[in-house]
Amino acid sequence: MTQSAAAARPAIIVHGGAWGIPDPEVKAHVHGVRLASEAAWDLLDQGASAIDAVERAILLLEDDPTFDAATGSHLNRDGEVELDAGFMEGTTLRAGAVAAVKRLRNPILAARKIMDVGDHILMVAEGAERYAAEKGLTLHPNHVLIVPRELDRWEVQRTGQVRLNTEDAFRH
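The letter at position 171 of the sequence shown is residue 171 when you use my numbering, and the numbering goes up by one with no holes.
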């Protein structure tokens with residue numbers, strides 16, 4: 001294969017976050033990134049754009065509580081999930097991003113909307129959430145993004161003590 005042919009060949013690289021993955025969770029992380037990369041390839045094989053393939057891979061990570069991406073994210077100091085997402089298309093340099101959003105299950109969809117509409121590049125917090133809602137995305141209560149593993153981790157950081165029954169925190 002020539003160097004130019006190798007350069008033209010697409011690559012999909014999916015990583016499951018930049019943190020020390022605990023040994024008992026490694027298998028789930030490997031499985032999740034494989035599913036995400038396979039889903040992206042499937043879309044490309046069907047003729048979808050690279051943007052659509054990347055979005056699909058990220059959506060799978062955001063929806064999988066194994067990852068620190070949307071559902072399952074680390075909690076902020078106040079015990080809430082607070083999310084950032086960015087999207088950029090390399091050929092045209094179109095970009096869109098959200099930061100500090102708390103009520104979006106899939107912040108990558110909001111970043112994509114911002115990029116596609118093109119009237120902004122970065123939107124933050126409640127303004128980003130209002131924009132997302134105006135563009136048809138559903139807002140959710142923050143607690144739906146919180147998983148027991150992260151609530152336990154936050155509780156230990158906050159108090160130095162382990163929670164006895166994490167499930168009680170999710171009963172409303």
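Check the hints yourself; a few may be wrong.
Unchecked claim - Below, a list of computed lysine-lysine pairs in the BS3-like style, where the Cα atoms sit at most 27 Å apart:
| no. | residue 1 | residue 2 |
| --- | --- | --- |
| 1 | Lys102 | Lys135 |
| 2 | Lys113 | Lys135 |
| 3 | Lys113 | Lys102 |
Unchecked claim - Here are the in silico distance ranges between beta carbons for each label pair:
| no. | residue 1 | residue 2 | range |
| --- | --- | --- | --- |
| 4 | Asp119 | Pro22 | 21 to 31 Å |
| 5 | Thr92 | His143 | 30 to 40 Å |
| 6 | Ser49 | Pro141 | 31 to 41 Å |
| 7 | Gln157 | Asp84 | 26 to 36 Å |
| 8 | Ala48 | Asn76 | 15 to 25 Å |
| 9 | Pro141 | Arg9 | 20 to 30 Å |
None of these hints come from the bench; they were simulated from the model. Quick reminder that beta carbons are idealized off the backbone N, C-alpha and C, glycines included.
How the hints compare with the structure:
For the suggested pair Lys102 and Lys135, the alpha carbons sit about 17 Å apart, so the restraint of at most 27 Å is met. For the suggested pair Lys113 and Lys135, the alpha carbons sit about 7 Å apart, so the restraint of at most 27 Å is met. Simply put, Lys113 and Lys102 have alpha-carbon atoms about 17 Å apart, close enough for the 27 Å limit, and the pair holds. Range check, Asp119 to Pro22: about 42 Å between beta-carbon atoms, so the 21 to 31 Å window is missed.
Checked against the hint of 30 to 40 Å, the C-beta distance between Thr92 and His143 comes to roughly 38 Å, which is consistent with it. Taken as a hint, the range 31 to 41 Å holds for the pair Ser49 and Pro141, whose Cβ atoms sit roughly 33 Å apart. At about 20 Å, the CB distance of Gln157 to Asp84 disagrees with the hint of 26 to 36 Å. Remark: the range hint 15 to 25 Å for Ala48 to Asn76 is contradicted by a beta-carbon distance near 34 Å.
A C-beta distance of roughly 44 Å is found between Pro141 and Arg9, which places it outside the suggested range of 20 to 30 Å.
In the structure shown, a violation is registered for the earlier hints numbered 4, 7, 8 and 9, in ascending order.
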